[in-house]
Amino acid sequence: MNEENPSVETYIVVFVALLILAALTTGIAYINLGTLNTVVALAIAAVKMSLVGLFFMHLWYSRGLTRIVVLAGFFWLALMVLFTLADVFSRSWIKPPGP
Amino acid sequence: MFFIGGAAAVMMRLHLIEPAGALVQPETYNKLFTMHGVVMVFFFLIPSIPATLGNFLVPMMIGARDLAFPRLNLLSWYVYITGAAFTLYALISGGVDTGWTFYTPLSSHYLNTHVITTALGVFITGFSSILTGLNFIVTIHKMRAPGMTWKRMPLFLWSIYAASVIFVLATPVLAIALFLVGLERIFHVGIFDPAIGGDPVLFQHLFWFYSHPAVYIMILPGMGVVSELVTCFSKKKPFGYIFIAYSSLAIAVFSFLVWGHHLFVSSQSVYAGFISSALSFALAIPSAIKVFNWTATLYKGSISYQAPMLYALGFIGLFTMGGLTGLFLASLATGVHLHDTYFVIAHFHYIMVGGAVMAYLGGIHFWWPKITGRLYHDGWARFAALVIFVGFNLTFFPQYMLGYLGMPRRYAVYPAEFQVLDVMSSAGASHTRRRLLDSIRLSSLVHPLWTRSRIESLERERPGMGDAIAASHR
Amino acid sequence: MSESAASSPLAAPSARHLSPALHHQFEDIEQQRDAGNFGMWVFLATEMLFFGGVFTGYIMYRSLYYPGFAAGSHGLEVNLGAAMTFVLLASSFTMAMAVHAARAGRRGMLLGLLFATILLGIAFLGMKFTEYSHKWHEQMVPGLNFHPSLTELRGAPEHAVELFLCFYFFMTGLHALHMIIGIGLLSVMAILAWRGRISCEHYNRVEVSGLYWHFVDIIWIYLFPLLYLIGGRYK
Ligand SMILES: [Cu+2]
Numbered sequence: 027m028n029e030e031n032p033s034v035e036t037y038i039v040v041f042v043a044l045l046i047l048a049a050l051t052t053g054i055a056y057i058n059l060g061t062l063n064t065v066v067a068l069a070i071a072a073v074k075m076s077l078v079g080l081f082f083m084h085l086w087y088s089r090g091l092t093r094i095v096v097l098a099g100f101f102w103l104a105l106m107v108l109f110t111l112a113d114v115f116s117r118s119w120i121k122p123p124g125p
Numbered sequence: 341m342f343f344i345g346g347a348a349a350v351m352m353r354l355h356l357i358e359p360a361g362a363l364v365q366p367e368t369y370n371k372l373f374t375m376h377g378v379v380m381v382f383f384f385l386i387p388s389i390p391a392t393l394g395n396f397l398v399p400m401m402i403g404a405r406d407l408a409f410p411r412l413n414l415l416s417w418y419v420y421i422t423g424a425a426f427t428l429y430a431l432i433s434g435g436v437d438t439g440w441t442f443y444t445p446l447s448s449h450y451l452n453t454h455v456i457t458t459a460l461g462v463f464i465t466g467f468s469s470i471l472t473g474l475n476f477i478v479t480i481h482k483m484r485a486p487g488m489t490w491k492r493m494p495l496f497l498w499s500i501y502a503a504s505v506i507f508v509l510a511t512p513v514l515a516i517a518l519f520l521v522g523l524e525r526i527f528h529v530g531i532f533d534p535a536i537g538g539d540p541v542l543f544q545h546l547f548w549f550y551s552h553p554a555v556y557i558m559i560l561p562g563m564g565v566v567s568e569l570v571t572c573f574s575k576k577k578p579f580g581y582i583f584i585a586y587s588s589l590a591i592a593v594f595s596f597l598v599w600g601h602h603l604f605v606s607s608q609s610v611y612a613g614f615i616s617s618a619l620s621f622a623l624a625i626p627s628a629i630k631v632f633n634w635t636a637t638l639y640k641g642s643i644s645y646q647a648p649m650l651y652a653l654g655f656i657g658l659f660t661m662g663g664l665t666g667l668f669l670a671s672l673a674t675g676v677h678l679h680d681t682y683f684v685i686a687h688f689h690y691i692m693v694g695g696a697v698m699a700y701l702g703g704i705h706f707w708w709p710k711i712t713g714r715l716y717h718d719g720w721a722r723f724a725a726l727v728i729f730v731g732f733n734l735t736f737f738p739q740y741m742l743g744y745l746g747m748p749r750r751y752a753v754y755p756a757e758f759q760v761l762d763v764m765s766s767a768g769a770s771h772t773r774r775r776l777l778d779s780i781r782l783s784s785l786v787h788p789l790w791t792r793s794r795i796e797s798l799e800r801e802r803p804g805m806g807d808a809i810a811a812s813h814r
Numbered sequence: 495m496s497e498s499a500a501s502s503p504l505a506a507p508s509a510r511h512l513s514p515a516l517h518h519q520f521e522d523i524e525q526q527r528d529a530g531n532f533g534m535w536v537f538l539a540t541e542m543l544f545f546g547g548v549f550t551g552y553i554m555y556r557s558l559y560y561p562g563f564a565a566g567s568h569g570l571e572v573n574l575g576a577a578m579t580f581v582l583l584a585s586s587f588t589m590a591m592a593v594h595a596a597r598a599g600r601r602g603m604l605l606g607l608l609f610a611t612i613l614l615g616i617a618f619l620g621m622k623f624t625e626y627s628h629k630w631h632e633q634m635v636p637g638l639n640f641h642p643s644l645t646e647l648r649g650a651p652e653h654a655v656e657l658f659l660c661f662y663f664f665m666t667g668l669h670a671l672h673m674i675i676g677i678g679l680l681s682v683m684a685i686l687a688w689r690g691r692i693s694c695e696h697y698n699r700v701e702v703s704g705l706y707w708h709f710v711d712i713i714w715i716y717l718f719p720l721l722y723l724i725g726g727r728y729k
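Chains as they are written, first to last, in our numbering: chain A, 27 to 125; chain B, 341 to 814; chain C, 495 to 729.
I should point out that these hints are in silico values taken from the structure, not numbers from a laboratory.
Do not rely on the hints blindly, as some may be mistaken.
Said to hold, decoys possible - Computed footprint of chain C on chain A, listed as stretches where at least three residues anywhere in the stretch have a Cβ under 8 Å from a Cβ of chain C:
#: 1; region: 45–53
#: 2; region: 56–68
#: 3; region: 83–93
#: 4; region: 105–112
Glycine included, each C-beta is placed from N, C-alpha and C at the ideal position.
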């Protein structure tokens, strides 16, 4: 349809950005940030995923329906994780009566 | 279109192959109810309406030449057969006795039966479901004829679309759960293994993340069929079209939020139990919307009681009963009391047989002339519909009482005081089964020989049925 | 099934009878391409939840048994993991370029890029295999050969480490399986391109295979920090 397509330059820029981010995430692991280590690693992963998704997979240029499918995937994934964890971590809130 | 006939035939064959032996050993009994559950749920109820009526009607109703991916469709048929072959192999080579739910650690560490083969069969068949759902979604989105807007689509399509969403988003989770069970059996260690700190309840979470929505995979297409039938035979427009349509989607989404109601006594946290109980009640709303709209459609319509309509009316009554008793199970207090009793059995058979199977039979009757160019015998078909309704109630209504009195499911023996109700239920079961066959025979006049041999094989097994209480209708 | 896609680049999209690449059920080639892409996206949503099942378990156990998971993670070779990440990112880049070449109708370039992608994929699997064999020698394979003796694991709760390694093998194994399927898919594309069955009008299969390949890449983008970088690597 009327999608424009990314140019070769875009691909190259994205690729270089991905390589830098991959190096960054490995490097940061050697710096002590406490719990922030995990947060930063996951944030970088999310950025990398967005780059691949938006440009290599053309989400940036595609129409609403495709994006809805992607969002639906994330939404259902979140449901599964949330409801399962909601059980697991609220189990200990009430101590069973007993000896 | 050719293979749809084949699909229906094989599904019925699978449906009928499940054995009902006479006095069996408890081990055999365990295998029987497992096989019944696995075959009925994964190989009949889930694919029945989408694979037969859906493949036939979806392209026709939206004015497309065919589904978007016909070859993928054919592939899903072969995948289905492969999965069925594995499962049947497990059945022949000694059976499996985990129950259709494959709960760990029983399934992963304790049993020596053919768990892997069966799980593999279900796993493979899952891909068939996914491909079918994917095909419908793409077809409905991309292939509608000009002018066929969403709000002009027949209600059957809305429900098939909603079911497809569940197919696509839930089935993979079952696949991965069974995959992990299989690996755990092979390597004797895995993430559900309590010996290394694993949590078997995690399996139940993954399993029911699929299996509760799967209930709606089975019933949503049935609701779609009934919407069509009720509208057609009361000669009115559907009352509240938009409500029926959107309630299908609402069901598809909400069905993913309530799986915790299967885990009330599985050491689930009380808070999670409370939330899933409340959400289960919320889920009753869209179903009720549908029932009210159907009855409103009937109101002041000129109703003609032809065979498909009889099935549709049966559906509405039985589904309502099944749905309302579901609320007892969804509320925490009564749910704990009734958990794993015959009340549960009766509840889901009212939904699955009273709902999905009735709708399937109604739909098959309704579209049979369109599919084959032949008409069934109307008198016999009506007779069969009535008899099935009566027989079904005779079978499963006593089970409500049994369950309320505390008879647990999946036991091969039971205390003497339950006998009266159990015999009633069995009598009803053999009755229903015979009538089901009658109705199938009536509709498939094309293959008289084939069905006759089916009937004969059933005659042979029937004498034992009075004793094998639940084996015949598990 | 109109399989023979002899390319006729001049065929207008709406001229239904002119395009042999068009399957019978579609109105025009645009609709066909649209349906193909959309179908793959729906399939990827399925795949997301397929992997999601394991990720759910991972999140749950990681929060329950954090020390064991961190120790187990330190038993993995982070440099090898990083190298695999680079290889896979590079393959994603060549894949994206391959789709670009296919759209432009440049057969030679397409073939070269497909081969590059396949080779990078195979390189990734080779490194994966090396890593697996290291784990085997370190006796860190749960169920088959589990007597861990690495210094990193000393004092760590052994069961939790075993659980972590279960996840490591499940997740990377599942990912490797997808890689193998992807390589198979791309090989088919390469053969089709070789025979001239891919044209600027009919390149949808390459596009769809590319989507799949990128998805598998994204899974690894998450697996790398989740498996190799738990608790950081600082001393
Ligand atoms: Cu449920």
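Hint check:
no. : hint    : result
1   : 45–53   : holds (count 5)
2   : 56–68   : holds (count 8)
3   : 83–93   : holds (count 4)
4   : 105–112 : holds (count 4)
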